[in-house]
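Construct all of the structure, not just a fragment, from the sequences and the given hints.
Chains as they are written, first to last, in full-length UniProt numbering: chain A, 1 to 287; chain B, 1 to 399.
Since the hints were derived computationally from the structure, they do not count as laboratory data. The model shown is predicted, which means the values in this text are computed figures rather than measured ones. Think of the CB as a built atom: it goes at the ideal place given N, C-alpha and C, for glycine as much as any other residue. Treat the hints with caution; some may be incorrect.
Some chain A residues judged to face chain B by a derived CB distance under 8 Å, without partners named [unchecked claim]: (1) Thr64; (2) Phe65; (3) Ala138; (4) Pro156; (5) Ala230.
Far from chain A, some chain B residues (derived; all Cβ distances over 12 Å) [as the list claims (entries may be wrong)]: (6) Gln170; (7) Ala177; (8) Glu182; (9) Asp208; (10) Ala354; (11) Leu367.
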Amino acid sequence: MLANLLIGLREGLEAALVVSILVAYLVKTERRELLPRIWLGVGIAVAVALGFGAALTFGPRGLTFEAQEAIGGSLSIVAVAFVTWMIFWMSTAARGLGAELRGQIDRAADGGRWSLVVVAVLAVGREGLETALFLWAATQAGTRDTIGSVTPTWEPLVGALLGILVAVALGHLIYRGAIRLDLSAFFTWTGAFLILVAAGVLAYGIHDLQEAGILPGLHALAFDVSDAIAPSSWYGTLLKGVFNFSPATTWLEATAWVLYVVPVGGLFLLRTRSKRPTPPSPQLQEH
Amino acid sequence: MRTKTLLASVAALAVAPMLAACTENASSGDDGGKGADARALTVGSSADGCELSATKAPAGTLSFDVTNTGSDVTEFYLLGSDGLRIVGEVENIGPNLTKKLTVNVPEGDYFTACKPGMVGEGIRAPFTVTHSDDEQQVSASDQELIDQAQANYRSYVQDQSGQLLEKTKQFVELYEAGKDDEARALYPVAREHWERIETVAESFGDLDPKTDAREADVDLAAGEKWTGWHRIEKDLWPQDAKGYTALTPAERTTYGDDLLANVTELDGRIRATGADALTYPIDAIANGSIGLLEEVANGKITGEEEAWSHTDLWDFQANVDGARVAYEGVQGLLEGKDPALAKELTAKFDALQAVLDEYRDGDGFVLYTALEPADTKKMTDAVNALSEPLSRLTAAVTS
Ligand SMILES: [Cu+2]
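Listed below in structure tokens is the structure:
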């Protein structure tokens, strides 16, 4: 039970975190009217993933290993681009709040607002297909005949669903915590957090492409702490789910991680610092 | 607009690879009298074991149904003979779950590995993929490289043929009009396009002798007629020919028109579509590269080809150009199969080019008559150094 629960937790965690931060942001900036777009994106991703998962599991055709890696790897890299965009969109839109009229910002950011759907689709859809395949396999496990020493059981499905529920609950806790922060602290902390998440996704995408043989250096390890942090343990699961931390990381992954975190983090710090000297606007103090 | 593009591209990104790379789901379970498919295997992964239903399978699309019979999460890998390269993997197989790995595998030696707990080397065992009588399965990426090489080579040949026709037209006009200096200047330049695709042109057994025969190859005594490039060459450079009688304007027109007609016919055949379209199988491209270098060794390096104009080095360079283009067409494929050979060939092509570059003169080259024995020795050595590894090209790319 625990092993399947941890898989569900890990797959669900990253999506839950990105979505909950996005929701917290919209609530804090009093743009609740945009929330349906987030839920629309989540809904699309869940429906598409479950649909494809079912088609690939029960239909006449399945995915090759190469296709799975290509989808996983390329979606990861696109997801990084969108989460990065989201971090800076949030800070720009928030900075303008006090100085400009709301209507103007909303009109200017209209393209950006629709991109929220894309962010939600990507955050949920990236791991969605794999999760859906897992869930359908778990469903099959409950209905199949005995294979060797394995008897039919609903336990994997229950475990995976519980894991996803825990991920959603953790996402909600993040949301509750984030909503209590004042707006500038909210940006500093969630922005920094999301940069680490995105860097992890990038490194993971690189790893997928290395496994598919598209990028070299799969066996050139920068470090291997598998003995200390077992990937199937609960803390290994959390680190993987939140930061995509891999206990055995290749040099290429580590390099990509650093090359992302340093410039993006630097730029982010510059933007949040430059905001400090301006006195908080009355609107901001209300929160 | 922008948002729609974004959404569309995300959707396309998610769906395209699935359509491009989906594969038959093996009919597991329902045993419709066909017996167990030798390409559908099952794997039982427990805490300390990795049991396969077979350790051998015929080449082709294999499926592994991996069932986790242990209590920890597991993974299953199919690894290359070096034990490092990942041919295929399934991750995140929870206890009591079955997941399928579908992968296209060519003949060879492999390893299977179950990784309970997702750490370490895993529980490994050798796995053999045997030769299959079914149509040879080519992995998607190789097929893509092959298709690309064929398309590129076809357009290269067609482009050269088009330029050959264009320059031949100009050359024949100048020659027939008696503008000999200009015709002499254009002669080696027009022929470059012929020499670059010489192996394709030679494949038309009826056109080649009419177009590119040397005087020595023609049995005049038996009544064979000598026509084409070299017949005109002799008329433009009669200095070395003792007692040569220049062609009359009417004869010039006869030989000129004949050359243009044959080159036009060649271009038409190269451009043919439908059932008559030329095909360039990957081994033909590789053999074309080898053949063009042989042309260099047999004719150009000896100065036999251009007996009157002595512009052999133009032909030499053009043959090398053609050989290099053909090789570069299959280079991507070769790098996947024999990276050491690819590296060696690139280096030897560079070295040969460096030797040729020493003999450049303006837009062209020095005449063959200006070469010392030491110069041709240097060229022969560079050609021989390339032809040995090049002779292994076809076998390597078709393996
Ligand atoms: Cu298909």
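Hints, verified against the model:
1. Thr64: Holds: closest Cβ of chain B sits about 5 Å from Thr64/A, inside 8 Å.
2. Phe65: holds, 4 Å
3. Ala138: At 6 Å from the nearest chain B Cβ, Ala138/A passes the 8 Å test, so the hint holds.
4. Pro156: holds, 5 Å
5. Ala230: Where the cut-off is 8 Å and the nearest Cβ of chain B is about 6 Å from Ala230/A, the hint holds.
6. Gln170: The claim holds: Gln170/B sits with its nearest Cβ about 48 Å from chain A, beyond 12 Å.
7. Ala177: Check passes; 59 Å lies beyond 12 Å.
8. Glu182: Per Cβ check, Glu182/B is outside 12 Å of chain A; nearest 54 Å; holds.
9. Asp208: holds, 44 Å
10. Ala354: Since the minimum Cβ distance to chain A is about 30 Å, Ala354/B lies beyond 12 Å and the statement holds.
11. Leu367: holds, 48 Å
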